[in-house]
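Letter by letter, the sequence shown follows residues 1 to 31 of our numbering.
You may find that some hints are simply not true.
[What the hints assert, rightly or not] Now the in silico label distances, taken between C-beta atoms and shown as ranges:
| hint | residue 1 | residue 2 | range |
| --- | --- | --- | --- |
| 1 | ALA31 | LYS8 | 16 to 24 Å |
| 2 | ILE28 | MET1 | 34 to 42 Å |
| 3 | ALA31 | GLY11 | 15 to 23 Å |
| 4 | ALA31 | THR3 | 36 to 44 Å |
| 5 | TYR4 | LYS26 | 17 to 25 Å |
| 6 | ILE6 | ILE28 | 22 to 30 Å |
| 7 | ILE7 | ILE28 | 13 to 21 Å |
| 8 | MET1 | GLU30 | 36 to 44 Å |
| 9 | GLU30 | ILE7 | 18 to 26 Å |
| 10 | PRO29 | ILE6 | 18 to 26 Å |
| 11 | VAL24 | SER2 | 15 to 23 Å |
[Said to hold, decoys possible] Distance condition first, Cα-Cα at most 20 Å in a straight line; then the derived EDC-like pairs of lysine to aspartate or glutamate:
| hint | residue 1 | residue 2 |
| --- | --- | --- |
| 12 | LYS8 | GLU25 |
| 13 | LYS15 | GLU30 |
| 14 | LYS15 | GLU25 |
| 15 | LYS12 | GLU25 |
| 16 | LYS8 | GLU30 |
If you're looking for bench data, these hints aren't it; they were derived computationally from the structure.
Here a beta-carbon is modelled for each residue, glycine too, at the ideal position from N, C-alpha and C.
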Amino acid sequence: MSTYAIIKTGGKQVKVEVGQAIYVEKIIPEA
Numbered sequence: 001m002s003t004y005a006i007i008k009t010g011g012k013q014v015k016v017e018v019g020q021a022i023y024v025e026k027i028i029p030e031a
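With the hints as extra help, turn the sequences into a complete structure.
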């Protein structure tokens, strides 16, 4: 059994595991 997280960013969901690096789009906050 592996430990993982599901991250929602930029309208996408990404599954990441321990020690894994991901790249996400830069999110510009709305003023």
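Now the hints, each set against the structure:
At about 22 Å, the beta-carbon gap between ALA31 and LYS8 stays in the expected band of 16 to 24 Å. Evaluation of the 34 to 42 Å hint for ILE28 and MET1 yields a pass: the beta carbon distance comes to about 38 Å. Our hint of 15 to 23 Å for ALA31 and GLY11 holds, since their Cβ atoms are close to 20 Å apart. Against the hinted window of 36 to 44 Å, the Cβ-Cβ separation of ALA31 and THR3 comes to about 37 Å, which satisfies the hint.
In this structure, TYR4 and LYS26 meet the distance hint of 17 to 25 Å, their C-beta atoms being roughly 24 Å apart. Roughly 23 Å separates the CB atoms of ILE6 and ILE28, a value that falls within the hinted 22 to 30 Å. Checked against the hint of 13 to 21 Å, the pair ILE7 and ILE28 passes, with Cβ atoms roughly 18 Å apart. Between MET1 and GLU30 the beta carbons are some 39 Å apart, a value that agrees with the proposed interval 36 to 44 Å.
Checking the proposed 18 to 26 Å range against GLU30 and ILE7 shows it holds: the Cβ atoms sit about 20 Å from each other. As the Cβ distance of PRO29 to ILE6 is approximately 23 Å, the hint placing it in 18 to 26 Å holds. The hinted range of 15 to 23 Å is satisfied by VAL24 and SER2, whose Cβ atoms lie roughly 21 Å apart. Restraint check for LYS8 and GLU25: the C-alpha separation of about 12 Å stays at or below 20 Å, so the hint holds.
As the CA atoms of LYS15 and GLU30 are separated by approximately 26 Å, the hinted pair breaks the 20 Å bound. In summary, the hint linking LYS15 to GLU25 is supported, as the alpha carbons are separated by about 15 Å, within the 20 Å threshold. Under the criterion of a C-alpha separation no larger than 20 Å, the hint pairing LYS12 with GLU25 is consistent with the structure, at around 10 Å. A distance of roughly 18 Å separates the Cα atoms of LYS8 and GLU30; the hinted pair therefore holds under the 20 Å criterion.
Of the numbered hints stated above, the single one contradicted by the structure is hint 13.
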